[in-house]
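As a plain string of letters, each chain reads:
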Amino acid sequence: MKYIPKSILAILFCTVIFSSCAEKQDFDQLDNLDIIPTAEASILYVETPEYIINQLNGVNFYSQIFNFDAFSEEFVADNVLDGFITYEVENTTSKPLDITFEFLDEAGNVLDSENFMVNAAPTAILTREIAYGPAGRSLDIIRNTSAIRVSATNLGDNTSVSSLPNPVIFLRSSAKFRIRLK
Amino acid sequence: MIRKLLSLIILFVGYISCYAQNKEVLYDFQEIPQAIMVNPGMNTIYNWYAGIPFISGIYAQGATSGLTVNDIFAADGLDINQKIRDRALNSLSERDEVNGIFQVDILNGGFRSQKNPANFFSFGMYVEGYALNYWPKDLAILAYEGNADRLGQRFDLNDLNTSGQFINVLHFGINRQIKNNLTLGARIKLYSGIIDIKSTNNSGYFETTLGQNNLLRNTLVSDMKLRTSGLDALIDANDNDSSVASLFTKRGLFGGDPGLGFDLGVTYNINDQTVITGSLLDIGLLYHSSDVTNYTLKGSASVEGVEVILPDALNDPNADFWEDLVDEIEELVPFEENSNNYVSFRPIKFYSSIRYNFGKQGTPIAADCECDNNAESGDRSLYYLNSVGGQLYAISRPRGPQFALTAFYQRRFAKVLALKATYTVDKFTASNVGLGMSLQAGPVNFYIMGDNLFSYGNVADSNYASFQLGLNIISWERN
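Keeping their order, the protein sequence lines are chains A and B. Counting with this note's numbering, you get residues 1 to 182 for the letters of the first sequence. Counting with this note's numbering, you get residues 1 to 479 for the letters of the second sequence.
Next comes chain A alone, as it looks inside the complex:
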């Protein structure tokens, strides 16, 4: 080492330190980055005991509009790609029922509806999955939904009582949608 002039050694050293390089990086790949989570949550749950159905006059025993702004929130409406809404109807009452879910826009116009004819108990739980997006119904339904109307019609009588314990009609629903974050 002593035969190497110190100045050359110092220059060599600096050359090593400063001689770093980097392979070409393509940051434009970020343009192709997709961040698309699939979010899943319940939407609406309605529970009606049989004695309520019997107490109410008329066959159309229940109809109510629920404000529901989750879908029309700007972020969701702008970025939703596709998804499913799952319905589940369970009837342990003695009455056959006609149940309708309707999606309404802000003006109250019906955007979409789903009808369920349910037999009197004992009957199987009715489950239905509706697709929205390119492979299903229009996403505009989801984007513009501001309220949900649930209507139930009693196709039986107002006196019978189910032999099952605590007879109830259950309406359950959930949504599973892909939302583009990037």
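Hints listed in this document are in silico derivations from the structure and should not be mistaken for laboratory results. Be a bit skeptical, because a hint or two may be false.
To give an idea of the chain A side of the interface with chain B (calculated C-beta under 7 Å), a few residues [what the hints assert, rightly or not]:
| # | residue |
| --- | --- |
| 1 | 43 |
| 2 | 68 |
| 3 | 72 |
Owing to the predicted nature of the structure, the values given are computational and were not obtained by experimental measurement. Beta carbons are placed, not taken as given, at the ideal position from N, Cα and C, and that holds for glycine.
Assemble chain B onto chain A, guided by the hints.
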């Protein structure tokens, strides 16, 4: 450009930097005055030194564990989404991190006491900035994949662990040779916090399970907080086109958050050739009391959508179940803002080393002068051409201390040139070879050092890189 920058931030959110800050090449490199900053008890071999303002010490470092820039951005023709899925989402853990830090000496100087040459005083001012982010594993999965088809999987909110700080430090230290074989040093630091961002010690989870009534139940249990100081002023200055530099100057010169810290150091000569050293740095804290804005999300709630249970629901025909649900959630898990002052602790750093000197030559290397490396001096390292040894480094981190082990070899070429080579193993890399050089041309001292040199072939693929350089004027003459 801004969009890309934003995308980068989104991509690496939580994964943007930590705080290894191991200066293993500089440590105990006695020919370089700035080495006293990592051990105030180092043997000092000069009469006085003056760093050239702003260029006496420039240090930058970046480190990532588990992932490199090249892993994601290499122009390899692979789909970036697949690369992120394979190399980040499915590979990184919540203990992986990326880190970056910079430090610039504004002023740095030191002088030996005329009354008592055993005392050496150092002083100066530097700015330092760092950002730390552990990979927020569960939150990243939630963001990229969502909660669908993950029944019972808890997304841990503790995975969000991030902090960043920009401070100005005014320091004054004393270094005293107590005995021939013992030197002690201490330094007081006055911090002035410019910007502080911190979200650590979060807890809670988000979980989706089968519902009790409805099909699904979403549960959020949260105790999260984000503390900021100086951030609002920075955003305002940026939005209003006012000078960010003047804001930094004002807050950096004790118009920001005050803080106090200490460094301690020791050097002990076991015998003529064997030396052990140790130091504790940044034992201190900052009190954030200016321009503080904190955000909290605390509470718990379980939701199964809008629930209508007759006959109770018939009581109020005008009830807005959706709004009631939203209000209930906001009440159970309120997102709140406050301006409560808070304290942040500096990350304490620990260094220790053992050094064996050999290859003795007749005169001390440091100078033709009679520095304190005379026959009566404690550390006569500079009589020796070679030193070899090992160093241990540790730093306190939010997820536990981090360690680094270094082996080094140092070679001196008369009084002109000194080189130091290091090999370091830490959580970032097991092949970190560093080099440092101190070049003395008359009174002018130039030093430069770099880390992880084997990665220099492709820095983008490196898990760790740092460099440091500086320029000083040194007087070796003894009073």
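Structure-based check of all given hints:
1. 43: 5 Å, holds
2. 68: Since the shortest Cβ distance to chain B is 5 Å, the answer is holds.
3. 72: Cβ of residue 72 of chain A sits 11 Å from chain B, so the hint is violated.
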